[in-house]
Every structure is written in C-alpha cells, then in structure tokens.
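Colleague: Residue strings, one per chain:
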Amino acid sequence: MEKAGPQNDWIALICSGDRNAMNALVQKYYVRIFHYLWRYMGNKEVAKDLTQATFTIVLARLRQLRDPGKLTSWIYRIAHNEAHAEVMRRGRLHLVAMDHQHDIEDAGQNKLEEMEKKERGELIQKALSTIPPEQLEVVILKQYEELTFREIADILSLSENTVKSRMYYALKALKKTLKDHPIIKDLYHEAS
Amino acid sequence: MKHPESNKDRIMDYLFGNMSIHEKSEFERTMETNDAVKNEVSEFRSVKDYLDTWKEEEVEIPPLEELVYLPRSEKRSFFIKKWIPAIAAGLLLLLFALAWLSEVQINYEPGRTVISFGSAKTEPPIEVLQVEMEKLLDAYKEQVNDEINSIVPQLEEINQRVLDLAERRTDHALISKIENLERHLATSESVQQRWMNEIMQGYTSSQNRALEEWMVNGLAFLEEQRRRDMAVMEQAFFRWAAAISPNSSTGYVNDLQTYLGRNSE
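Heads up: the sequence lines are chains A and B, in that order.
In terms of the working numbering, the first sequence opens at residue 485 and continues consecutively.
In terms of the working numbering, the second sequence opens at residue 18 and continues consecutively.
Chain A on its own, in the form it takes in the complex (with noise of 0.2 Å):
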C-alpha cells in the first residue's frame, strides 16, 4: 500500500499536466506493465501495444482513482482489463506461436549466453502456456510482479483465498509439466 499523502500531490501534479509528474509515473510503471503484459501475452510487440494503451487510459482516467493508496493495483488492472480485451479479440494461444517464431529468427544474431538466456525464458514461457489463463495471470502477479495476495484480489476482483488456490493449483499443474517434458525436465533439475 502506497503512502496516501505524497502519493496524492503526485496525483494532482498529473491531473494538472505536469510533464514531470506524468514522466515520473510512467518511469516508475512501465517496466512492470510492459512485463506483466508481455509475460501474459506471449508477445512483445502487442505487449507494447497494450502498455502504451495501459497509460493512455490512466493519464486520462487518473482523475477518478478514489483510493491514491491503491495506485499500483489500479493500474494493473487497466492493463489486465486491456489483455483480456486483446485475448478476446486475437487469443493469448496464437500470440504466443507469434513471438516464439519471432524469437528463433532473432536468435541468430545474438551471442550465446543471450540465446540461452532466450531459451530458458521460451521453455519457462511454453510450461506457463500450458496452465489455465486465470491461474496464470495470478503466477505471473505474485511470481514475478511480487504483489501481495490482498493486491492480486484487488486487481482481479477475487478473495485472497480464491486467489491463494489458483496459485497453489498452478504450482501443482507446473511440477507436473516440469517433470515430464523433456527439455524442460532437465533445465528444472539443473535449477533444483
């Protein structure tokens, strides 16, 4: 939870149109958003996309944010609130496909410790295709975001406790996956 007094001059400073105060907002959010999204989607192009669109809508709509202590939470759901859009109109499987194309034709240009950088990323990516959307974009909230169990509820309108269960059953389907593939058996045992 944000501190609700300076968070809330930080708020009106934007509302006013001060650049810097708008700049500070998107230094602070735009990597976590862009990753967020990008992790969710499966693609770094409409990743982009959704994050720029993620902070048109907040420097438009900041003005009807009731709570500025929930500011972090608000935004990551505008930016969920824009991934389930763009799934509903194109699908998160077939993006997926899209950027693993676009990866391997990249890959030949980098060095070695990027593309194995990549490949390690590609397969974790393809074990986290495999779980249900919903159980997903909570691995993705608490693993990688660090939010709070409290702040993942907030964003997808869920209990802690629904929240807590998705998170344990997609652990549970993860370990299953990382055991039997065959690749990603041996990267998840090199890891252990």
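Hints in this document: simulated from the structure, not taken from any laboratory.
Hints are supplied without guarantee of correctness; some may be wrong.
Taking lysine to aspartate or glutamate pairs in the EDC-like style, the calculated list, with each CA pair at most 20 Å apart, reads [unchecked claim]:
{"no.": "1", "chain 1": "B", "residue 1": "Lys72", "chain 2": "A", "residue 2": "Glu600"}
{"no.": "2", "chain 1": "B", "residue 1": "Lys41", "chain 2": "B", "residue 2": "Asp52"}
{"no.": "3", "chain 1": "A", "residue 1": "Lys659", "chain 2": "B", "residue 2": "Asp30"}
{"no.": "4", "chain 1": "A", "residue 1": "Lys602", "chain 2": "B", "residue 2": "Asp69"}
{"no.": "5", "chain 1": "B", "residue 1": "Lys65", "chain 2": "B", "residue 2": "Asp26"}
{"no.": "6", "chain 1": "A", "residue 1": "Lys601", "chain 2": "B", "residue 2": "Glu73"}
{"no.": "7", "chain 1": "A", "residue 1": "Lys554", "chain 2": "A", "residue 2": "Asp493"}
{"no.": "8", "chain 1": "A", "residue 1": "Lys532", "chain 2": "A", "residue 2": "Glu629"}
{"no.": "9", "chain 1": "A", "residue 1": "Lys602", "chain 2": "B", "residue 2": "Glu74"}
{"no.": "10", "chain 1": "A", "residue 1": "Lys610", "chain 2": "B", "residue 2": "Asp66"}
{"no.": "11", "chain 1": "A", "residue 1": "Lys532", "chain 2": "B", "residue 2": "Glu74"}
{"no.": "12", "chain 1": "A", "residue 1": "Lys656", "chain 2": "A", "residue 2": "Glu644"}
{"no.": "13", "chain 1": "B", "residue 1": "Lys41", "chain 2": "A", "residue 2": "Glu644"}
{"no.": "14", "chain 1": "B", "residue 1": "Lys25", "chain 2": "A", "residue 2": "Glu644"}
{"no.": "15", "chain 1": "B", "residue 1": "Lys41", "chain 2": "B", "residue 2": "Asp30"}
{"no.": "16", "chain 1": "B", "residue 1": "Lys65", "chain 2": "A", "residue 2": "Glu603"}
The structure presented is a predicted model; accordingly, all values stated were derived computationally and were not measured.
Based on the hints, put chain B in the right spot on chain A.
Modeller: Frame of chain A, contents of chain B only:
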C-alpha cells in the same frame, strides 16, 4: 492436516513469506509430522526457483510524447498562447489600414456618434425641421381636442341614461331576489333547527329513560343481593353462636335477635 490440499492457503502463505514468526514456526512444526505437506512445499519451492530463472529483459522506456497522446486542452492552450496574439495584432493593423484608405470620419455630437467614409458629408438643417414638426403636432392636437369636446356632452347623457336604467332594473330584481333568498334561508334554517331539536330531544329523552330504567333495575338488583347476603350471614352467625355456647344458646340467641331487631319484624 492430513492432505496438503486442505492446507493450500497456509502452504501459499508459508511459501511466499506471508506468515508471522509464530505462524511460521507452528507451520514448520506441522511439516515435521506431515511428510505429504513437507514434500509438497519442497517441490513448490523448486518450481518457484525455476520460474525465477526467467529474468526480465532490459526495456527501453519510450519518451512521454511517444507513449501517450497529450491532453487536448494542453495543445489548445499552447495554440492560444502562440497564435491568438499574433492574429489579434494582424486584425488591428488591417482595421487601421482600411480606415486610412477609406478616409473614415468620426463626428461626436451630444447623444450620437456619426462614422462616415469618404469625403465629408453635409448635415441636414436639424433645427428648422424640428420647429416645423412641433407646429404640425400642435395643430393636430388642437383638432383632436375640439372633436373630443364636441362629443363629451353626448357621452355624458348616454352614460347617465345607462346608469339610471341599470339602477332601476337592479333595484327591483336584486332586492326581490335577496328577500326571497333570505326568506328561504330563514325558513330552511328554522326547519332544520326544529328537526335537530326534535332529534336531540328524542334522543336525549330515550337516553334518559334507558338510563333511569337501568339505574332502577340496578338498584333493585343490588338491594336484593344485599338482603340475600345479610340473611346468609345472619344464619351463619346464629349457627356459630349456637356452636360456641350449647347450654345457654337459646337465651343468648334470643337476646341477640332482639338486639338485631329480628323480633320486631
């Protein structure tokens, strides 16, 4: 706490450091006695560690202007600040140029301002026109007054006749109407009053009769009850007296009856 699924909330809280020190040590004690939960936590931790190896890539944050469209109001204020003074200055210059080219003349007079273009205009002789107009108006007013004065006596006569007629007609008709109405009202009022009196009288007398009847009956009833009660009490008293003095009861009872006045009855 046999099956791990029954503790999924606690497992998640433990795994993600969402427990107090006390809760944590309690859960760790539980794990020592429950292998299923212990194994599950261990495996989940491995999955978590593996997921952590997917590191974030460096991302270039685009400039604000590229990322979002600036609010329209800001663009408009920028436009206003930059261009409106320039346009205003241009329009002012154009006005002066036109004034100079068209030989504009501005004349101030009491009550009016005349702006004219080109060469100087000759004003009409205002004073002369005004005198003529006043004369014409006076002549017209006189004519109208004469006409009015000639018809006034006729109008007054007609008015008097109308008033007389109206007064005569009104007197007879209205007075007779009012008298009739008053008579009618008085009659109906007295009739109503009589009816009401009769109703009230009838009602009151019947009420009184019923009340008197009820009181007489009630008193008779009470008197009867009193006599019965007294008779019962006397009998009871005499039995009691006889019981407590069996030897001299007759004389005592007789004295008592005499005292109570029973013998005199």
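Colleague: If a hint holds in the structure, say so; if it doesn't, say that too.
Modeller: Going down the list of hints, with the structure as the test:
no.: 1; hint: B:Lys72 x A:Glu600; in the structure: holds, 12 Å
no.: 2; hint: B:Lys41 x B:Asp52; in the structure: holds, 17 Å
no.: 3; hint: A:Lys659 x B:Asp30; in the structure: holds, 18 Å
no.: 4; hint: A:Lys602 x B:Asp69; in the structure: holds, 14 Å
no.: 5; hint: B:Lys65 x B:Asp26; in the structure: holds, 16 Å
no.: 6; hint: A:Lys601 x B:Glu73; in the structure: holds, 10 Å
no.: 7; hint: A:Lys554 x A:Asp493; in the structure: holds, 14 Å
no.: 8; hint: A:Lys532 x A:Glu629; in the structure: holds, 17 Å
no.: 9; hint: A:Lys602 x B:Glu74; in the structure: holds, 9 Å
no.: 10; hint: A:Lys610 x B:Asp66; in the structure: holds, 16 Å
no.: 11; hint: A:Lys532 x B:Glu74; in the structure: holds, 13 Å
no.: 12; hint: A:Lys656 x A:Glu644; in the structure: holds, 18 Å
no.: 13; hint: B:Lys41 x A:Glu644; in the structure: holds, 19 Å
no.: 14; hint: B:Lys25 x A:Glu644; in the structure: holds, 12 Å
no.: 15; hint: B:Lys41 x B:Asp30; in the structure: holds, 9 Å
no.: 16; hint: B:Lys65 x A:Glu603; in the structure: holds, 18 Å
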